[in-house]
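In this text, residue positions in the sequence shown follow my numbering: the first is -16, and each later residue adds one.
By construction, these hints were calculated from the structure, which means they are not laboratory data.
Keep in mind that a hint or two might mislead.
[Unchecked claim] Mimicking EDC-like on lysine to aspartate or glutamate, the simulated pairs with C-alpha atoms at most 16 Å apart in a straight line are:
| id | residue 1 | residue 2 |
| --- | --- | --- |
| 1 | 31 | 64 |
| 2 | 30 | 58 |
| 3 | 111 | -1 |
| 4 | 30 | 61 |
| 5 | 111 | 52 |
| 6 | 30 | 64 |
| 7 | 19 | -9 |
| 8 | 3 | 52 |
| 9 | 103 | 61 |
| 10 | 103 | 52 |
| 11 | 103 | 58 |
| 12 | 19 | -1 |
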Amino acid sequence: MAVSTRTEYALRALIEIPAKGSVSAHSICERQQLPKKYIEHLLSALKKAGLITSSSGSRGGYTLARPADQISLWDIMEAVDDHTQVSECEMDKQFCLGEDCPFKPVFLDLAAKQRQLFRKYSLAGIAKSMSKEKK
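With the hints as extra help, turn the sequences into a complete structure.
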């Protein structure tokens, strides 16, 4: 199961933010080879969601707003508005059967289980697994 590009790039940016200290958007983009405008947009969304903070000046940059083990994959997906993997029943679709749809309970259950799964993965855990893969 893949996540959207928004989530992948947000994860790659967050992995570059040290537990202590700050990092510039330019540094993140350079290290991860990501487009700066796109990353600035994602960093803005992550900041708005309260996952990171920023400060200006020569020693400014982005810092995590809380410990990496307290930031879940779901938090990141929510921040960048990525709900591509969540199989919610969408009542506003053209061919929706409405409240009587026999599939609605199934889709709602799947969506709840997906959210639960995404919440199990923390930024710290993802970073740790990535560092193991590089070795």
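>> Need the status of pair residue 30, residue 64: alpha-carbon distance at most 16 Å?
In response: 13 Å, holds
>> Hint check: residue 31 vs residue 64, CA-CA at most 16 Å. Holds or violated?
In response: Given that 16 Å is the threshold and the Cα spacing comes to 12 Å, the pair holds.
> Is the Cα-Cα distance between residue 103 and residue 61 16 Å or less?
Replying inline: Judged against 16 Å, a Cα distance of about 14 Å means the pair holds.
> Are the Cα atoms of residue 19 and residue -1 separated by 16 Å or less?
Replying inline: 14 Å, holds
> Does residue -1 lie within 16 Å of residue 111 when you go C-alpha to C-alpha?
Replying inline: Within the cut-off at roughly 12 Å; holds.
> Is residue 3 within 16 Å of residue 52, Cα to Cα?
Replying inline: Answer holds: residue 3 to residue 52 is near 14 Å, not above 16 Å.
>> For residue 30 and residue 61, compute the direct alpha-carbon distance and say whether it is at most 16 Å.
In response: Between residue 30 and residue 61 the Cα gap is close to 12 Å, so the pair holds against 16 Å.
> Does residue 103 pair with residue 58 here, judged by a C-alpha cut-off of 16 Å?
Replying inline: Satisfied, since the Cα-Cα distance of roughly 11 Å is no more than 16 Å.
> Straight-line Cα separation of residue 19 and residue -9 no greater than 16 Å?
Replying inline: 15 Å, holds
> Is the straight-line distance between the alpha-carbon of residue 30 and that of residue 58 16 Å or less?
Replying inline: The given pair, whose Cα atoms are some 12 Å apart, holds under the 16 Å limit.
>> Just to be careful, I want the Cα atoms of residue 103 and residue 52 compared with a cutoff of 16 Å; is the pair within it?
In response: 10 Å, holds
> Given the proposed pairing of residue 111 with residue 52, does the C-alpha separation stay at or below 16 Å?
Replying inline: Holds, because 11 Å separates the two Cα atoms, which is no more than 16 Å.
Hint compliance for this structure: no hint is broken.
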